[in-house]
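*Asks:* Sequence:
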Amino acid sequence: MDGEELTAQETALYDRQIRVWGVDEKKRLSKAQILVSGLNGTSVEFCKNIVLAGVGSLTLMDDRLVTEDALQANFLIPRDETVYSGRSLSELCCESLRDFNPMVRVLAEKGNLAQCEMEFFDKFDVVVVTGCSLKTKIEINEKCRKRAKRIAFYAIECRDSCGEIFVDLQNYTYAQVQLLILALSSVSIILS
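Numbering-wise (the UniProt record's numbering), the sequence shown opens with residue 1 and increments by one.
I should point out that these hints are in silico values taken from the structure, not numbers from a laboratory.
It cannot be assumed that every hint is accurate.
Claimed, not checked - With beta-carbon atoms standing in for the labels, derived distance ranges:
#  : residue 1 : residue 2 : range
1  : Cys116    : Thr7      : 42 to 48 Å
2  : Leu107    : Leu71     : 29 to 35 Å
3  : Glu164    : Lys110    : 23 to 29 Å
4  : Gly41     : Val167    : 15 to 21 Å
5  : Arg79     : Thr173    : 26 to 32 Å
6  : Arg159    : Arg79     : 22 to 28 Å
7  : Glu45     : Glu91     : 15 to 21 Å
8  : Phe75     : Arg105    : 17 to 23 Å
9  : Ser85     : Arg28     : 38 to 44 Å
10 : Gly86     : Gln170    : 38 to 44 Å
11 : Tyr174    : Phe75     : 35 to 41 Å
Even for Gly, the Cβ is constructed at its ideal location relative to N, Cα and C.
Kindly produce the complete structure, drawing on both the sequences and the hints.
*Replies:* Shown next as C-alpha cells:
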C-alpha cells in the first residue's frame, strides 16, 4: 500500500476497518512504522492485531532463543522443535505474522534496543517495549523523546492476572470547542 490510494484488494481486505475508522484513518495506519521489543504473550497479541489491521510495517526485536516458557505464552511459535530449535523469538514470530497478512511488512531486527543509537529510532512512529527493567524503559523512552520526529512510546508488562501499561505520546496541542447556549429565561411577546 502506497498510503495515497487504497487498491481494490486493500479495500476488500480492510473493509471492516474502513467502515469503523474511515478511509483517511486507514491510510494513516497503513503508513505507521512500529517497533516491538520483547515478545511475550501480551506483545504478540498486540502484534497480531496490528498486522491484521494493516499497519505499514512491524519490526520485531527479541534475540532470545525459544524456550519451553516462551512456548506456553506465545501462540506465534510453531510447536515443532525442529522448526524453532536454535532460532530467535523475533525470527519465528516474524514468519508467523507474515502469514496473518501478507500485505504488511514484518521484519526481524537483531540486537538490544537499549544499545541502539538514537538515529535508529527515527525509522519508527511507535516503539513498544516489554520484558525489560524500569531503567531500560526510561532510557528508551528518553531516546524517543529526544528525536525531532514525534515517536510514541509504550511500555507494557503482564504477569499472571495483573498488567500495566505506560504511554508517552509526548506533547500534543488541541483545541477544545465550547458551545455557548443562551437560555432566555423569559420572553415577552406583545401582540397588537
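*Asks:* Against this structure, judge whether each hint is valid.
*Replies:* Structure-based check of all given hints:
no., hint, result
1, Cys116 to Thr7: 42 to 48 Å, "34 Å, violated"
2, Leu107 to Leu71: 29 to 35 Å, "23 Å, violated"
3, Glu164 to Lys110: 23 to 29 Å, "28 Å, holds"
4, Gly41 to Val167: 15 to 21 Å, "19 Å, holds"
5, Arg79 to Thr173: 26 to 32 Å, "49 Å, violated"
6, Arg159 to Arg79: 22 to 28 Å, "24 Å, holds"
7, Glu45 to Glu91: 15 to 21 Å, "19 Å, holds"
8, Phe75 to Arg105: 17 to 23 Å, "21 Å, holds"
9, Ser85 to Arg28: 38 to 44 Å, "40 Å, holds"
10, Gly86 to Gln170: 38 to 44 Å, "40 Å, holds"
11, Tyr174 to Phe75: 35 to 41 Å, "38 Å, holds"
The structure fails to meet hints 1, 2, 5 from the earlier list, while all remaining hints are met.
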